[in-house]
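Asks: Now for the letters of each chain:
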Amino acid sequence: MNKAWVVFGLVLLLGIQVTVLSSFHEVYTDGPAYGTTEVCIVKWNYVQASARVAIGGPGSVSVTLPNGTDIAINATTNYSFTLNLPRTGAFSGETGLGVGSIELNESSPITVSIDANITSVPFSNSCSEIVGVQYVDVAVITVVGDAFVSVDVYGVGL
Amino acid sequence: MTEADVTSKVRDLMEALDEVRRYKALTSLMVDFVMIILATIASLFSVEILVNYLHASSEFPCSFLPNAFGCGIGSTVTGFSSLVALSLFVIPAVGILCGVVWVDRKFKRVKVGEWRTTLDEGLPGAVKLLTQMKWDSVFEEIQLSKIGYLVYGLVKVAGYFVFVSFLSIFATTFVFDFAIHVIFNLDVVIVVAFVLVLVLSRKDLEKRYRQTWSLDGLIWELRWFSGEFGSASFKT
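Protein sequence lines, in the order shown, are assigned to chains S and U.
Position 44 of the first sequence, counting from 1, maps to 44 under our numbering, and the rest follow consecutively.
Position 136 of the second sequence, counting from 1, maps to 294 under our numbering, and the rest follow consecutively.
Hints listed in this document are in silico derivations from the structure and should not be mistaken for laboratory results.
Accuracy of the hints is not assured; some may be wrong.
Covered, in the sense of this in silico footprint (three residues per stretch, anywhere, with C-beta under 8 Å from a C-beta of chain U), are these stretches of chain S [stated by the list, open to error]:
id : stretch
1  : 6 to 17
2  : 21 to 29
3  : 131 to 138
Now the in silico label distances, taken between C-beta atoms and shown as ranges [claimed, not checked]:
id : chain 1 : residue 1 : chain 2 : residue 2 : range
4  : U       : A316      : S       : L12       : 30 to 40 Å
5  : U       : I348      : S       : G9        : 42 to 52 Å
6  : U       : S216      : S       : S22       : 58 to 68 Å
7  : S       : L12       : U       : V258      : 52 to 62 Å
8  : U       : V258      : S       : L14       : 45 to 55 Å
9  : S       : G9        : U       : V248      : 47 to 57 Å
10 : S       : V18       : U       : C256      : 46 to 56 Å
Note that beta-carbon positions come from the ideal geometry of N, C-alpha and C, so glycine has one too.
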């Protein structure tokens, strides 16, 4: 085979790889949790993501996972867990969405917010407003007690 | 001019043309080197895509850059994550080593000096060599080899830059991020790596620059000589 074609093929392959790599996104948010805290992870439905949630604090806290499971944890040992947020649909062509403080677009297809000391669950905020919006997946974690919460979401939108 | 003088001048010319032939071979080998470097980068990107996908879809503890090294020796050590950490260093190193060895091996196989037996015949041999010479293709070879020699130098510097960058990112991530928990700006690391490679390759680049000029000079001298030689008549 002509070497020029091999070089062309390799350059093409690199172009595809760079495009694929640019579709990986990471979002990190942290903040204090006191009273009842709502952690809201929002993503486009074509994004496959994994969220690492770490909770540390002076004592025990109660955590409600997105599937409704309640767990009591001892936050003094820096408890952490990983949530798998699967891809639930194909790219719809939707390029931008803004509900309150939550914004999604092609370059930021994942967003996380932490609202501490809320008065009711579900809390009336941007997170609750975005639940049910087409092409969007929302995962809500509720933390009851005093702690420090950090959320690191890594995802790929292909 | 004596017979020995003529033979000596023709020997110098043929040696210079052998050098040109080597540089021309380098032009072709440069394409091989570029292919090896591109394949190395593609391999590295493939590992990065795989690791990043695993990080996004499972509990795999890290993405590839700049976290792979810390990932391999962190609290969630697994055999695979250690391999990922190693790949960041091993893939560029193996790629560049393969490229340099391949070019070096092929370069040493370039056939030169086949004219020596003819030149050993003395003046008749020297005249025979000069009359058999196709001047137009000689000039073309010199032009090609000039470009190849220069571009190969630049490609080599680019290859070293990729290698040193990865090595620097690897070391910086370990020292600053992992050991003393300070996030270091990787753009700075890449700029420092670039400057370091330029400083270390300075002599090689200077040599190539000088050689390019001397090849230019050789072309002019040979053009003059071929004109003189073409108009001369030899008596035996």
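Asks: Which numbered hints does this structure break?
Replies: 3, 4, 5, 6, 7, 8, 9 and 10
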